[in-house]
Amino acid sequence: MRRPLVILVLGAALGLLAAAAMYWSMTAHHRAWLREEQPELAWLRAEFKVAPEDFARISALHQAYLPQCAELCQRIASCEARIRTLLDQADHLTPEIEALLLEAAQTRVECQKNMLEHFFQVSRAMPPEQGRRYLAWVKEKTFRMDHEPGPPGEASHGHQGHH
Amino acid sequence: MDCMNHESSHGPDANLDPLLRYWRVDDPLPPGFNRAVWRRIVAQAAPSPVSPVEAVRLWLDRWLARPAWSIGCALVLVSAGLLAGYWQATSQTARWDRLMASRYVHSVDPYAQAVSAP
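So the sequences go chain by chain: A and B.
Using my numbering, you'd call the opening residue of the first sequence number 26 and step up by one each time.
Using my numbering, you'd call the opening residue of the second sequence number 3 and step up by one each time.
What the hints contain is simulated information worked out from the structure, not anything from laboratory work.
No residue lacks a Cβ here, since even glycine has one placed at the ideal position from N, Cα and C.
Mixed in with the good hints there might be a few duds.
[Said to hold, decoys possible] Only some residues are given here: those of chain A computed to face chain B with a beta carbon under 10 Å:
hint	residue
1	44
2	58
3	87
4	102
5	139
6	140
7	160
Take the sequences, apply the hints, and build the full model.
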C-alpha cells in the first residue's frame, strides 16, 4: 500500500508542477510584453511579425502620432460636451448648435484623415502581406459607422499615457 | 499446529494411527456446547461493518497493489497537469491578446478615446 501511494502522491505533485511549468513557459512572451512601457506595441510587433528594424520605425510613427491623436481626442470631447450642454437647454435648432455640429463633423473628417494617414504609414513599414492584414484589421476596428466603443471592460484602457 | 508441522516434515507415524482409532471420549459434552459452537461460527462468519474510509483504503489497496497501476495513474496525473497548464495558458494569452488589441485601437482612435473619456 505504502509504495504505490507514494508514487500516486508524487504523480499528483508532478502533475501540478507540469501544469505550472506549461503555463509559465507558454505565457512567458505575453508576460514580457506586459512589463513593457507600451504593451500594445509589443503585441502589434508579435501579431504582425514585425522585424526589429521595422518595429523601430513603427514605434517612431506611433510616438509622433500620439500627440495629434490626443489633441483630436480633446477637441472631440470638448465639442461633444458643448453640444450636449446646448441640447439640454434648447427646444429648437439654434445657429450655435448648427455651428457646433459642423465643427464636430469637420473634426471627425480631420480625425479620420489623420488616422488613415497613420495606418497607411504603419502598414507600409510592415512586410507587404502583414501590412495588408494590419490595414484590414485596423480599419475594421476603427472605421465603425456609429463609432461605438468596444465592451466596457476593454474600453477602459484607451487613455493610458495620453491625458 | 506444531504437531502438524512435525508430522508433515517427518511423514505419518505408523504407531499413532491405531492409537487414535481406539481413542474414545466418554465424558459427556457440557450442556449447550453445540449451540455455543454454532453461535461462535456465525459470529465469525458475519461480515463486520466497513467504514467509508476503510472501504476507500481497501479499494485503493486492490487497485494499487501492482506498481504498474500506480505508475499509470501517476502518468495520467502528469498528463492532466500538462493539459490543464496548456489550456489555462492558451485562454490567458488569448485574453491578453484581445486586451492589447483593444489598447492599441484606443491609442490610435481619438473617437474611441473621446467616447470612453470621463
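Hints violated by the structure (listed by number, smallest first): Per hint list: single violation, 7.
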